[in-house]
Structures are given as structure tokens and as C-alpha cells.
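Engineer: Chains as they are written, first to last, in the numbering used here: chain A, 10 to 365; chain B, 10 to 365.
Fair warning: there could be bad hints in the mix.
Same chains, same names: a pair is fine if it fits in one copy or spans any two.
To be verified - In silico DSS-like links for lysine-lysine, alpha-carbon gap of 27 Å or less:
1) K247 - K93
2) K172 - K211
3) K218 - K172
4) K93 - K218
5) K211 - K102
6) K277 - K302
7) K247 - K277
8) K50 - K73
9) K93 - K211
10) K22 - K114
11) K158 - K247
12) K211 - K140
13) K211 - K199
14) K158 - K196
15) K351 - K140
16) K199 - K302
17) K247 - K351
18) K302 - K338
The set of hints was computed from the structure by calculation and includes no laboratory data. Owing to the predicted nature of the structure, the values given are computational and were not obtained by experimental measurement.
There are 2 protein chains.
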Amino acid sequence: MKQAIQEKKSNKKRIVLSIDAMGGDLGPPAVVAGVARSASKNPNLHFILHGNQDILNRLISRRKRLNDCVEVVSATDIINMSDKPSQVVRSGKNSSMWSALEHVKNGEADVCVSCGNTGALMAMSMIRLRKLEGINRPAIAVLWPSRSKVGFNIVLDVGADIKAEANDLLQYALMGVSYARNGLNIKNPKVGLLNVGTEEHKGRVELHKAYELIEHNCDNSSFSFVGFVEGGDITSNKVDVIVTDGFTGNIALKTGEGTASLIGNLLKEAFAYTPLSRLASILAVTSLRRLQKRIDPRRVNGGVFLGLNGTVVKSHGSADSTGVAAAIKLAVQLAENNFSEKIAARVASVKTIKQN
Amino acid sequence: MKQAIQEKKSNKKRIVLSIDAMGGDLGPPAVVAGVARSASKNPNLHFILHGNQDILNRLISRRKRLNDCVEVVSATDIINMSDKPSQVVRSGKNSSMWSALEHVKNGEADVCVSCGNTGALMAMSMIRLRKLEGINRPAIAVLWPSRSKVGFNIVLDVGADIKAEANDLLQYALMGVSYARNGLNIKNPKVGLLNVGTEEHKGRVELHKAYELIEHNCDNSSFSFVGFVEGGDITSNKVDVIVTDGFTGNIALKTGEGTASLIGNLLKEAFAYTPLSRLASILAVTSLRRLQKRIDPRRVNGGVFLGLNGTVVKSHGSADSTGVAAAIKLAVQLAENNFSEKIAARVASVKTIKQN
Chain A
10 MKQAIQEKKS NKKRIVLSID AMGGDLGPPA VVAGVARSAS KNPNLHFILH
60 GNQDILNRLI SRRKRLNDCV EVVSATDIIN MSDKPSQVVR SGKNSSMWSA
110 LEHVKNGEAD VCVSCGNTGA LMAMSMIRLR KLEGINRPAI AVLWPSRSKV
160 GFNIVLDVGA DIKAEANDLL QYALMGVSYA RNGLNIKNPK VGLLNVGTEE
210 HKGRVELHKA YELIEHNCDN SSFSFVGFVE GGDITSNKVD VIVTDGFTGN
260 IALKTGEGTA SLIGNLLKEA FAYTPLSRLA SILAVTSLRR LQKRIDPRRV
310 NGGVFLGLNG TVVKSHGSAD STGVAAAIKL AVQLAENNFS EKIAARVASV
360 KTIKQN
Chain B
10 MKQAIQEKKS NKKRIVLSID AMGGDLGPPA VVAGVARSAS KNPNLHFILH
60 GNQDILNRLI SRRKRLNDCV EVVSATDIIN MSDKPSQVVR SGKNSSMWSA
110 LEHVKNGEAD VCVSCGNTGA LMAMSMIRLR KLEGINRPAI AVLWPSRSKV
160 GFNIVLDVGA DIKAEANDLL QYALMGVSYA RNGLNIKNPK VGLLNVGTEE
210 HKGRVELHKA YELIEHNCDN SSFSFVGFVE GGDITSNKVD VIVTDGFTGN
260 IALKTGEGTA SLIGNLLKEA FAYTPLSRLA SILAVTSLRR LQKRIDPRRV
310 NGGVFLGLNG TVVKSHGSAD STGVAAAIKL AVQLAENNFS EKIAARVASV
360 KTIKQN
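Looking at chain A on its own, in the form it has when it is part of the complex (with noise of 0.2 Å):
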């Protein structure tokens, strides 16, 4: 393990990615083979594998090119989606997130990539890995298909807390920011504040006041404030971060997956309905994958756990191997550009500047 973070510092950097290996509706196969995928396509990863040790080594022991860059460290208890945080964060010492979670807190890994509970993911992740300092309430924010030139948006808070003060909202803008950097390579993030109409009067209380830190804090920090944002624009290219609450941005995120859902079968439907439409679907077939790839939740896959001490990525419960392979380019990405480091820069500026 330490030989693994020595090597970070050769030429070539070396990511450890602490991987909770029993999480997530497919269980431990679809993990294995998501890794599977990742390792084939970067060699400079190495995985530690947290789980039920009987059933990750016989899984790792068929694909031969995992032999080396894999680690099994064994954990007997498995957090279900169905566990509430609460209860977790007292009773699951011994499952793979807790584990998964110890390895990044301990620094024998750069990142942590879980698909369990996600409630219980962020109640443990704020026990182990505690707040960053400066943050009162950590986000999750995740990667919105959009207009814009790198085909997505970032959306935060998605869900780590139902409630968002003024200053919270400021803090998930940088955040934000920060990750729309390192995460998207966007040098300067539009950001833009979920309201239900763009012009200043509308909207709570709590909107108008971070409509103001943000507009404050914008001239010392670089990005640009887009003002109110409308639900319309989360799929725009008028922005690049879309701040709101993390009750709003639940609701947002899963009606437009909803609402996907609900056309992608509507249009399965249609072209089944004649002989000519189901002809035409034949040789529509590389387009409708083509779009299908372009939205496919499975390569956004990947919330990111923000405002703690270590990087987290969240799958999506249902992901696959592809799904699962999405969330650790993504955390390698994150690890490769050192974005604890960056975001933990970023939130503290602005404690300097709020104090002047």
C-alpha cells in the first residue's frame, strides 16, 4: 500500500482507488467487471477492493489482468439501499463503505467509488472523512447531458441535504466551480442559481441573499455569475453550474431522468407501430444509439461528493459494468488533477475574503 502512494510521486502518476466493492443493485460481478474495464484501459490504476473476500477473489481470480493491480480487503456486513443513515453510521463499522471510506481517510487511496446507499454513502462519508473546513453542509453534484460544448452541465446539491441556507448555496457555487474545472476542464464556469424565474424579485428569501454572496464573491474568484437560473436552463449552454438546494435539485434530477425515460420508450413504441416505421428503425439504429449515448445515464455515471476531506464518487445504483467503469474515469480524473487540494483552496479564499 505505501508503495502505491510512493509511486504517485514517480513521472507517471499512479492513482489508488478504494473501491466499495458489494454496493449497488448488480452486486459485487458488475463491480468487478466495471473495474475489469477500467484497469484494460489505464495502467497506472490500482484497486482496493472492499467486500466479501470469498466472492471478490473468485470473481478477480477469472480475469487475469486484474492480478496485479488489485487488493482484496475483507469487510463482513453490507449496507442495503433500504438501511436509513442513521442507523448506519452506528452500526456499519464493518461493512466494504465503511472500510472503502477508511482507505481514502487513511491516505492509502487517493479516491473512494461506491455504488450503495447514498444516503448512508454521505451520512458515513461525513463521520470518516469530516467536513472540509469552511463547509457548513457538503453536496452532491452530478453531470447534467446538456447544449453546452462539453456536453454537460454540473447540478449541486442533487440530495446530500434537504435543506440550503444562502451560505450553502454560495459554498456549492465554488465547489462547483471547482469541479467544473478539474472534473470538465472548463477553465471559466458560468455559474447560475435555480430560481423559478430569472428576473431578481422572484423566488425566497434565501435566493436573493445568495444571489448576492455569489455576485460578491464572483469578482475575487474565476467565474461568472449568470444571475437566476430557470429549470429550462439546466440542459442550456448559457451555463456551466447550476446551484440550488438539495430537495429542488432530487426533484430536478430524477423528473429529467423521468422524463427521458418516458420518451425513450414512447419512441421505442412509435417505431414499432407499422411495418415502414419498424423498417426505418432499422436503419435508424446507429443514430438512436448515437443519441442513446449521448444521454445514457450509465457514461454521466457518477455523482461527486463535495465539502469533505477526500473525494468520493457515487455510482448510480443500477450501474452496470459500463456505469461502473464511468464513475472511476471520473474519480481517476478527479485524483489525477488533485481536486481535494483544489476545492479545499478554493472554499478557503473565500473565508478570506467574507472576513474582510
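Put chain B on the given structure of chain A with help from the hints.
Structural biologist: Same frame as chain A, now just chain B:
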């Protein structure tokens, strides 16, 4: 006018619509075109158009079928899309919007239709029509394309108010039930409360209180309560009426519209990519039109204002003649079902239950 109301009592009910003809992005031509479409389909309609007499008379004179069923009421002012609600309630007394509402208040029309500024229309409606007895916060309800049998679910509030207490959410549930019956002919609607998870411990305090209130009233009314639902359920068939506060509902609505619009654009791009995909798109044109028709916002046009003494249908600001005709069709169905009286009875019945 009196004659129109009297004729309602005859065998074939005559519906009188009071129409704000100056609102909307496309102005009077789109409104009059929509009125003409509606008039040609339903000979029992009588229209009172409010706005600039010269413009309206000129537009009407071009369409012979409107001679017998349309009258124009002069109103000199126009409410703009950017006007603040607080201002227009003071200065808007000579506007087409005010005049259109006035005719519903006076009993000269059954229902009001406008494509104007939503905030202004709601503020004026509350002043002119007053809130229904027992209602604290009126709501805007929309039809949302879904997997349900009728093809739509009802979501409310989508923006009448940015806040909602537990009791408001109960009232939204009951008004939504009445709308589902009279607008969508659903006998025993399933009601869900929008939250960030379906587990009972999740979400904000007012949602837990609302959960209890709705559950308590459910035994006494003829609807079923499915409990908490998530953003992804808005398009599902597990629920007919989705209840939420106006802030969340507005963001969800616009996020859904934005997602649908993004997918539509990406679909076009995907089909324009190669010669083969362009050929496929020609063959698939009827399939795609079928899909578009299913989710076209113009066809589900018409948010309904609930909780007032009178029915107001708010058409989309960007509505063209198809959109205006869809809003009129919905208004007619509600008027035919004596919706205003039924919703008042439902709200009143609950007051009694609560007093017990």
C-alpha cells in the same frame, strides 16, 4: 349576454368563454386563430374577446364562422410578460386581462382563458375572483405526459406560490382529485406527495404533516393515496395527481420541458448525421410525428388555476393557434362539468372533516 347564460339551461349546454385576446408572445392573431379552430369544432361555444377593438374586429371579420359566436369587449391596456404582479393589480384595471376576469366574476362567462403573464394573471384572479372559502393558497395545475391510461398526470402547484404548508398541500391534493375527475374523467384518482424518497422518514417536516393530513382525509373522499412519490414517478402510471409546493413544481415542470426539448434536438441531429440516417428519418417521419403529438406541450396546453371562485385556464405564453385551441378545449370540458361548483364542494367537505 344574459341570453347566453340562460341558454346554458337548455338541453345542449352553451358555454361562454371570456378570452384575454392580447396576452401571449404571438398576440391577437394566434388567439383569434385558436378561437376559430375551436368554434369550427364545437358549435355550442360563445366567445367574448377582450382587447383592442380595432385589431380584434379586423381579425374576426376575416373569419366568417366567427360572426355569430364572437363578441369583442374593448380594453385599452395590455399586461406585458415582464410586468410585476404587484404593479398590475394596482394599474391594470383597464387591461384585457382584467376585463376577461371581470366577466367570469359577474357570471357573464363560464370560464376565463389567457396566454398572458402567469404571475399577473394569478394576482388579478385572486383580487377579482377571490379565493374559494377554505382555501389558503390557490394553485396552478398542469397536465403532464405520462404512462397512465389517459396519457397524462396532473401536477400542482407549478408556480402560483413559492411556499406551501401542510394544509395547503392537503388542499392541493383535494383540488387535484377534483380536476382529475372533471378534466381527465378519472373516477378514483391516485394521489402522491412529491418528495426526495418514498420512505416515510425522508424529506421536510411539512411533507410529513401533509402525509398524515392527506392519509386522514383519504378515507372520507373517493381517492387513493399512494404516499410519497419521487421526481421519476411524475411520468409514471402509479399516480394520477402529484402534489408539491409551487417552487419545486415549477422547477420540475421546466426541467421536464427542457429535457424533452434537448432530446428532441439531439434526435434531429442524430438523424441528420449520415445519408442512411437521413433516409431513415424520412421513413420514420410518421412515427416521429406520432411521438411528437404525444408529448407536444401545445396539446397539453393550459395550466388551470385552482382554488378561486371561478375557473381560469392559463395557456402557455408561446401558444400558437393549436395551443390556444387546446386551452379552450380544456376550459370547455371543465365548464361542461360544472368544475367550479364541484371543487368548492370538495374543499368544503374537507373543512367539515377537519372540524370533527
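Engineer: All the hints need checking, so say for each whether the structure fits it.
Structural biologist: Hint check results:
In this assembly of identical chains, the alpha carbons of K247 and K93 lie at most 27 Å apart only when taken from different copies (25 Å versus 38 Å within one copy). In this homomeric assembly, K172 and K211 come within 27 Å of each other (Cα to Cα) both inside a single copy, at 19 Å, and across copies, at 12 Å. Taking the shortest Cα distances, K218 and K172 sit within 27 Å of each other both inside one copy (15 Å) and across copies (17 Å). In this assembly of identical chains, the alpha carbons of K93 and K218 lie at most 27 Å apart only when taken from different copies (20 Å versus 33 Å within one copy).
In the homo-oligomer, the alpha carbons of K211 and K102 lie at most 27 Å apart only across protomers (23 Å), although the nearest pairing inside one protomer, at 46 Å, exceeds that limit. Both within a single protomer and between protomers do K277 and K302 lie at most 27 Å apart by alpha-carbon distance, with minima of 16 Å and 15 Å respectively. For the identical chains of this complex, K247 and K277 are inter-copy neighbours only, at 21 Å across copies versus 31 Å inside a copy, given an alpha-carbon limit of 27 Å. Taking identical chains as interchangeable, the C-alpha atoms of K50 and K73 lie at most 27 Å apart only when both belong to the same chain, with a minimum of 14 Å there against 71 Å between chains.
Taking CA atoms no more than 27 Å apart as the test, K93 paired with K211 passes between copies only; the shortest distance there is 10 Å, against 36 Å inside one copy. In this homomeric assembly, K22 and K114 come within 27 Å of each other (Cα to Cα) only inside a single copy, at 20 Å, whereas the closest approach across copies is 73 Å. Within a single copy, K158 and K247 get their C-alpha atoms as close as 11 Å, which meets the 27 Å cut-off; across copies the closest is 37 Å, which misses it. Only between protomers do K211 and K140 lie at most 27 Å apart by alpha-carbon distance; the minimum there is 22 Å, versus 32 Å within a single protomer.
In this assembly of identical chains, K211 and K199 lie within 27 Å of each other by CA distance solely inside one copy; the values are 21 Å within and 32 Å between copies. Only within a single protomer do K158 and K196 lie at most 27 Å apart by alpha-carbon distance; the minimum there is 13 Å, versus 48 Å between protomers. Within a single copy, K351 and K140 get their C-alpha atoms as close as 15 Å, which meets the 27 Å cut-off; across copies the closest is 53 Å, which misses it. For a Cα distance limit of 27 Å, the shortest separation of K199 from K302 inside one copy, 25 Å, qualifies, whereas the shortest one across copies, 35 Å, does not.
For a Cα distance limit of 27 Å, the shortest separation of K247 from K351 inside one copy, 25 Å, qualifies, whereas the shortest one across copies, 45 Å, does not. Taking CA atoms no more than 27 Å apart as the test, K302 paired with K338 passes inside one copy only; the shortest distance there is 16 Å, against 39 Å between copies.
Of the numbered hints stated above, none is contradicted by the structure.
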